[in-house]
Amino acid sequence: MTLPPDLKDRFPLLSQIVNGHKIVYLDSAASSQKPDCVIDAMNNYYKTINANVHRGAYEIAAQATEEMEQARRRVATFIGSESPHEVVFTKNATESFNLIARSWGGSNLSHGDAVLITDMEHHANIVPWQILSAEKGFEIRWLPLTPDGLLDLDQLDQLLDGVKIVSVTAMSNVLGTLNPISEISERAHAAGALVAVDGSQYVPHLPTDVHDLQADLLCFTGHKMCGPTGIGVLWGREEVLDSMPPFLGGGEMILDVRRDGFTPNELPHKFEAGTPPIAEIIGLGAAVDFLDSLGMENVRQHEIALTDYALRSLNKRYGEELVIHGPSDPLQRGGVISLEYRDVHPHDLSQVLDQRGICIRAGHHCAKPLMKELGVVATSRASMYLYNNESDVDALVDSLESAGEMFAL
Amino acid sequence: MSGLEELYKEIILDHYRNPRHKGELECPPAHKTEGFNPLCGDEVSLTFLVEEGSIKQLRIAGQGCSISQASASMMAAAIQDKSIDEVRNLTREFKAMMSIHEETMTNSDQESVSAAALTLGDLEALKGVVKFPVRIKCATLSWNTLLTGLDDLDA
Numbered sequence: 000m001t002l003p004p005d006l007k008d009r010f011p012l013l014s015q016i017v018n019g020h021k022i023v024y025l026d027s028a029a030s031s032q033k034p035d036c037v038i039d040a041m042n043n044y045y046k047t048i049n050a051n052v053h054r055g056a057y058e059i060a061a062q063a064t065e066e067m068e069q070a071r072r073r074v075a076t077f078i079g080s081e082s083p084h085e086v087v088f089t090k091n092a093t094e095s096f097n098l099i100a101r102s103w104g105g106s107n108l109s110h111g112d113a114v115l116i117t118d119m120e121h122h123a124n125i126v127p128w129q130i131l132s133a134e135k136g137f138e139i140r141w142l143p144l145t146p147d148g149l150l151d152l153d154q155l156d157q158l159l160d161g162v163k164i165v166s167v168t169a170m171s172n173v174l175g176t177l178n179p180i181s182e183i184s185e186r187a188h189a190a191g192a193l194v195a196v197d198g199s200q201y202v203p204h205l206p207t208d209v210h211d212l213q214a215d216l217l218c219f220t221g222h223k224m225c226g227p228t229g230i231g232v233l234w235g236r237e238e239v240l241d242s243m244p245p246f247l248g249g250g251e252m253i254l255d256v257r258r259d260g261f262t263p264n265e266l267p268h269k270f271e272a273g274t275p276p277i278a279e280i281i282g283l284g285a286a287v288d289f290l291d292s293l294g295m296e297n298v299r300q301h302e303i304a305l306t307d308y309a310l311r312s313l314n315k316r317y318g319e320e321l322v323i324h325g326p327s328d329p330l331q332r333g334g335v336i337s338l339e340y341r342d343v344h345p346h347d348l349s350q351v352l353d354q355r356g357i358c359i360r361a362g363h364h365c366a367k368p369l370m371k372e373l374g375v376v377a378t379s380r381a382s383m384y385l386y387n388n389e390s391d392v393d394a395l396v397d398s399l400e401s402a403g404e405m406f407a408l
Numbered sequence: 000m001s002g003l004e005e006l007y008k009e010i011i012l013d014h015y016r017n018p019r020h021k022g023e024l025e026c027p028p029a030h031k032t033e034g035f036n037p038l039c040g041d042e043v044s045l046t047f048l049v050e051e052g053s054i055k056q057l058r059i060a061g062q063g064c065s066i067s068q069a070s071a072s073m074m075a076a077a078i079q080d081k082s083i084d085e086v087r088n089l090t091r092e093f094k095a096m097m098s099i100h101e102e103t104m105t106n107s108d109q110e111s112v113s114a115a116a117l118t119l120g121d122l123e124a125l126k127g128v129v130k131f132p133v134r135i136k137c138a139t140l141s142w143n144t145l146l147t148g149l150d151d152l153d154a
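Chains E and Y are the protein sequences, given in the same order.
Numbers 0 to 408, taken from numbering that gives the first Met the number 0, label the letters of the first sequence in order.
Numbers 0 to 154, taken from numbering that gives the first Met the number 0, label the letters of the second sequence in order.
For reference, chain Y alone in the conformation it holds in the complex:
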């Protein structure tokens, strides 16, 4: 079961069992964005409030597996009060962590991953997901959904 323990770290199971920032904000003033994982049908709905270029509040609704729910919960905690630019950077770092496989890692990739790890904090617990490629979409669902929501703001 060692592989499983790497995937399902205790902090992930904790966020899954006790998801932070669950619920919905009233729209408007909040913005709403929805995402689907076409592989499994999981759905996530995010509502978030932007003030002075920063995300003041974010609430998560929807259904999903432990990885997608934990990732969404950790994301909500991580981006609270961050500027939209910072959120975009964090998303980039998180996605970089998700898509780099150990066996193809170059030195420069390794450096960028460890740099990312410094800022990702708890989110680093999701690093084990890269060994289970099918689950990467679970881990990135809420992040991609948020990106879509941010893009809609600009549009």
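The shape of chain E in the complex, shown without the other chains:
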């Protein structure tokens, strides 16, 4: 099985003309485009069943509630969980990490404890721990990288001593590196630590099974997986989520409120204060259906082939003039390609590409500690998804040269 060749036609935005060129969208690691079925599902909610959930006794409120809870069940199934109440809806992966740090970390971490993160984390999995550490005084440790951009697992066991939680990305948003989460989980559990995983770049691109990952907590975001912005997920093992105090307080998250206190709601509502982003949840449900219909294994195979093509094309054309960060083996990485071309600054490179309708990202990709490790302030990043094809890669490869002519020193 392969992906349908006309997949771009399902994404209305991908037929747009930008600066006189049909858009070449290579920034899906930042945010993916949305298929028509996701846009339609959200419109349909607003047009036909818009009502607040979980309280109205009338028909459309019941339908809205049912659609929202159905989306939760689909998301659970999509990541291999049998328990929809283990799926907590948040605003994005960043909020999911803040929830973990504030709720689990706030009640489990104190002076003398340690949290282990890695040198390839996104700021979303760094700063929440730093904020909490400033209050609680625990240590933040960093698992380093090997020269080819993999986690240096030789140092893992030694760094685990005294660690209460390991918080690690399943796939780097800069290097593309796929990390061996199940192995890390086994070793972390053996050392008595919990494991939280940043699945933001992983869940949209590879078949995901929370049992295989063996993690305790998993964060990801809707807008990178063909879904809308404003909706993220925190999945957690029931006993872990049960042990955690509420994060935000307000409506929905309570069973009872009295003058002298409150009783929190059951999972998952305990962590879902206030009116949820109903349309976005329904949109995410539609996105998960769309991905399921394609088959995540097919998505992965498509991206391996395309990444292989991109790496070979870039290296063949530019050789020594080009540095591509991260693993060279497409099987060890996703379709995120961070590059440095001659001495052209990423901002200037992306500006030149923009004139040809090519969208890539320039900057530190919210991973400043990693940039420092790489010895750069910024990189240019092209990232691919299920709708990209070889002609998109060709457009990227062809355009680098003109940027070089203009800016090489």
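No lab work stands behind these hints, which were simulated from the structure alone.
Being a predicted model, the structure only gives us computed values, none of them experimental.
Here are the simulated DSS-like cross-link-like pairs (lysine-lysine), alpha carbons at most 25 Å apart as the crow flies: (1) Y:Lys21 with E:Lys371; (2) Y:Lys31 with E:Lys367; (3) E:Lys367 with Y:Lys136; (4) Y:Lys21 with Y:Lys31; (5) Y:Lys31 with Y:Lys55; (6) Y:Lys126 with Y:Lys136; (7) E:Lys371 with Y:Lys31; (8) E:Lys21 with Y:Lys130.
Just a few of them, taken from the derived set where beta-carbon distance is under 8 Å, the chain E residues facing chain Y: (9) Asp347; (10) Gly362; (11) Lys367; (12) Val376; (13) Met405.
Where a beta carbon is used, it is the ideal one built from N, C-alpha and C, also for glycine.
Take the given structure of chain E and dock chain Y to it, following the hints.
Structure of chain Y alone, referenced to chain E:
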């Protein structure tokens, strides 16, 4: 490529390829101020020497794109020997040029821009940046950094 040529004027590329006033001055007697562009991670470090209320020397260090580097280089050339008040005025004029978009321009804005253009000189070449809003922060990085440094003097 017409849009690009408007942004990357030859004089900008010249300052980018051959930046003026690069380096660092010894502190003290010089003052040091640093700035970051949080969008892209670019860094600029300015050291400058103030004598009798005027900026006698300014040196630029750091990393950045062509726009931020050219803007810093042109700024250094423009403020040499200017009084701090004049530098503040020039900064205001430069920032006004950066943030006014053509489609929202009123008559009085147009007048102030052309008045500014008279004193901005070479810096006017950076006017094309306003059509690329993302890059305005690149162009203003060194200016905002200098302002912070001047404010620190007063503090």
